[in-house]
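Chemist: First to last, the sequence lines map onto chains D and P.
The opening residue of the first sequence carries number 0 in numbering that gives the first Met the number 0; numbering runs sequentially from there.
The opening residue of the second sequence carries number 0 in numbering that gives the first Met the number 0; numbering runs sequentially from there.
Capping the alpha-carbon separation at 20 Å, the derived lysine to any residue pairs in SDA-like fashion look like this: (1) P/Lys304 to P/Ser253; (2) P/Lys121 to D/Ser405; (3) P/Lys121 to D/Gly330; (4) D/Lys382 to P/His246; (5) P/Lys304 to P/Glu315; (6) D/Lys235 to D/Ala198; (7) P/Lys121 to D/Val333; (8) P/Lys121 to D/Glu334; (9) P/Lys304 to P/Phe159; (10) D/Lys235 to D/Arg192; (11) P/Lys121 to D/Pro406.
Simulated from the structure, these hints should not be mistaken for lab results.
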Amino acid sequence: MSIAAVGVAAPEWRVPVASIDAAWGRSPGRGTLAVCRSDEDPLTLAWAAADRAVAAAGVAPSGIDGMWWGCTRPPFAEGPSWSTLAATLHLAPEADGALLSGSTHAGLDALLAAADAVAAGRVDTALVVTSDALLPATGTGHETSAGAGAAALLLRRDGGPARLVHTAHRWEPRLDRYRGDREPETRETYDGRLFREQAYLPMLGAVGDALLVDATDAGRWSLPDPDGRLARALAKRLRAGTTSAQDVAAADRTRLGDLGSAATLVGAAAALGSPGPLHLLGVGGGRATGCTVIVDAPVPGAERVTADLSGGEEVAYTRVLRSRGVLRPTGESVEMAVPPGSAMFGRGAGEMLGLLAARCVDCGTMNTPPDVHPTCISCGSTKFDVVPLGRTGTVQTFVVNRTMPSPFEAPLPLVVVDLDDGGRIQLQGGDDGAELSIGAPVDLVLRRYAVERGVPVYGWKVLTRRPVAGTDEEVTS
Amino acid sequence: MSWNRVAVVGAGLIHMGELFDQSYEQMARGAFDAAVDSVDHGFDPTAIDAVFVATQRGTLWGQEGIGGNTIPSAIGLAGVACTRVENACPTGSDAFRVGCMAVASGVHDVVLVIGVEKMRDKSSDEGLLARAAAGHPVYTRGESAPVLFAPFATRHMHEFGTTREMLASVAVKNHHNGVLDPYAHFRNEVTIEQVLAAPPVCSPLHLLDCCPQTDGAAAIIITAPERAADFTDRPVFVAGFGVATDHPYLHEKSTYVGLPATVEASRRAYEMAGISPADVDVAEVHDCFTITEILDIEDLGFVEKGRGGVASLEGETVLDGRIPVNPSGGLLAKGHPIGATGIAQLTECWWQLRGQADERQVAIRNGFALQHNVGGRGSGVSVVNILTTNAS
Ligand SMILES: [Zn+2]
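If we strip away everything but chain D, and leave its shape as in the complex, we get (with noise of 0.2 Å):
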C-alpha cells in the first residue's frame, strides 16, 4: 500500500486567540485560529483537501474507486455526507468507502481502513480525507483551540514514493470531549492535564513505544494537540525509551489551532514532501492509534502545502460568532422557494453538487443547469451530453449585493464567470468581492450556500486567483 499524493487545505479565515479571550475577560492567550466562514464546513473543506490531492495525482476522478472520511462532525449527523462529498468529487458510481465519525480517532480510522481495502484488493485507488471543523461552546476554553482544516491522501496498492508499514493500537474507555445527540456543540468534559497526563499520554506513548520497536530511526511524529501542550509532553515522553533525535509535530497548532481529526494529517503532509520515516498518531474517544510511514521520495503534493496553508485574513471575534450562528438577528428568516426534501432537489443535488452541464451534441453549447434546459440554448437541439462544467475562467461582469434578509450575509458577490472550458455560469462570490474586476482570472470552490430548514445545501463559489507571495504560483483567494 502506497501513498501516491497528498493535498491540505484550512479556511481563509484566522480569529486571534486573544480577541476571543478579551470578550471574556480572560487574560490573552496566543496565537491564532482557523475559522469556517458561514459557508464552509467539515464537507466544504474534505472536498478542497481532496481535489488538491486528486490534482496532485493525476488521476481522473472516475478512477477512483473508494473514498474513507474521517470527520468528527460531519455536516448530516445522519444522513447522506458521504455521498455528497462523493458527488462533489465526481467519484466512480461504484466507489466503496466509509465514513467514519465519533471522535477526532475518525481521522486514523479512515486512513487505516482504507489502507486496509487496498491492501486486500477491494479498491485500486482510495482517497482518505479527514476534515473537521469543531464547534466549540461559546465562552468556554475549548473555543481557543478549536480550528478548522483538512488533508487528504491518495492511496494505491504499490508503486509510490511513500508506504505504510506498522500499525499500533490502545484504548481505554476515557471520556474526554463530549456531544450527546441533541447538543449542538462539543463540550470538553475534562480537565486538560488530567486528560494530557492520564489518558493521551499512556495510550500515545504506548503506541509509539510499539512504533519503535523495529524503528532503526525515530524519524518525525505528528499528532493532535488539544492543549497545545501535549506533542511536548509526547516528546519528552518518547525520548526516555529511545537515543535518537526526534521531531514531534502537531499541524501548524498555534496558526491553525486543533484541527480535530485532521490534525495528525494535516501536520503531517508536509513532511511527506522529504525522504525517511514519519508517524502518524491520532487519538479521541478513548482510543490510540499509530502508523509508521516510509516516504521514499517526495509525494506528489507535499510542496505545495505551506502555501497552501499560510492564507490568512484576520478577523473578529464578532465575525466569527455570527458565522457559525451564535450571533443571529432577531426575527424570521426567509425561506428558500423549495425545500431541500423536496423532489426538486432530488432531480438536482447531483447536477449542483458536481456543477454539471448538459453540453449540447450539435453545437457544444454549455445548458446549466441540466434538469430545466430540455432544449439547447443557441441551437434548439434536444441531444446532450451531461458533463461537469471546468473550473476555472474569467469575470464577465458581477455585482456586490449589500441588501438582503436573513439569512444572507451582505456583502455577497453575484458573479457571472466566461469558463475556460466555453460554458459561462452565475455564482455567488466566496468572500467579499473586494477583489473582483471584469475579465479577472477566478476559481470555483465548493461551499454550503444554506442551510435551509436544517440542511445544508452546497453548490460552487467563484473566488478571484491571486499570485502566492513570493512564488510564481497562484492560489484561489
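We have chain D; now place chain P with the ligand onto it with these hints.
Modeler: Then chain P with the ligand, alone, in the frame of chain D:
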C-alpha cells in the same frame, strides 16, 4: 400605417405611495373611478363587458391565490368577465395588450384593464427582497431585484466608460419630473451629489439608483375605434405593440450591455405601428434602476448603443430634450407598483398625447408615445405598446 384597431377612451390612476390605509380593493376602486371620470362624454360602467386585471405578485400581501376575481366585486361589476394577467414587470403593459386583442377580435366591446399592486403590506424583508431566496437554490440564490440589472451596469461602465454620474443623471431627471407629477410617490428633487453619496444597495447601484416599493393602481378603458366616438371626440389609438422573451438565467444572456427582449419587443411594435424610433415624441420606459433607463433608450433605438449614459447626462431625455423620457417621474420617482406600472405609464402617454400633462407636457410633433416594461427572471420578458393620436 399604424394598427389602430383599438382606441383608448379613458385612463386614470391613484396617487402612488405607501398606501398603508388602503386595501388592494380600495386602491382598485380609486383607479377605476379615476378612469371612469376621465371619459370625456361621461361613462356608464355597465358598458364594460370584460375586465383584465394586472397583479404580479399576490404573495406580497399574502394572497397568492388571487385570480383577479375580487376586482369586479370591488368596482361594482360582479358578474362581468374577468381574467388576471401575470407577466413579471411587464404585467400591466401585457394585460393592456391582451385587452387590446380581446377588443380587436370583436369578442369584447368595452374592456377595462386595471393594474393593482400591494407592495408594502409586508415589511421590506418579507416583501420583494425575499425574492433573493426564490428561484433556483444555487444558480439564482441571492438574486434580489437589483441583481437582474446591476451586472449590466458593471459591464456598461467597463465597455463604454459609463460613469456613476451618468447613472445619477437619470435619477435627477426623473425626480425632477416627479415633482411635477401629482401622482408620484416621491415629489422631491435630488442632486447628482446626493445620488452618488447614497448608501450602496447592490454595487454599482446605490439607493437613489433604485425605484422604491410602492402601492398603487391604474386603470384604462378601451374599445373599438368605431365605438370611441360614443365616449370622446379625442380618442387615442393603439398604434402597435410587441412582446418578446429571452433566456431566463443571467448566465444565458447574449450581451451584458443590453436587453434583447426590449430590442425585439420594440422592433415588433415599431413594425406594427409603421414607425421608426425617430417618430416617437415621448416615451415612458422601465427605469426600475437608473441603468435600466440607459439600456432602454439604447435598446428602443432612441440613442446609439453605448451612448445612453452620455445622452442622459447631456439632457437629451429631459422634458424639452430631443426625446423626452419618463415625464411622469418614471418608476424611480412615481414608483413601481408592478401590475399597475405599465397601465400608469400608458395613462401618462394618453395625457401627453392629449396635451393634458400640465407642467410636464412635452412637445407632441408626430403624435406617437411609447410605453415599455422589461423584467422577469433574467429580464427575460419585455412589452412595448405604442399609442397615437393619428387616426391612420
Ligand atoms: Zn446547441
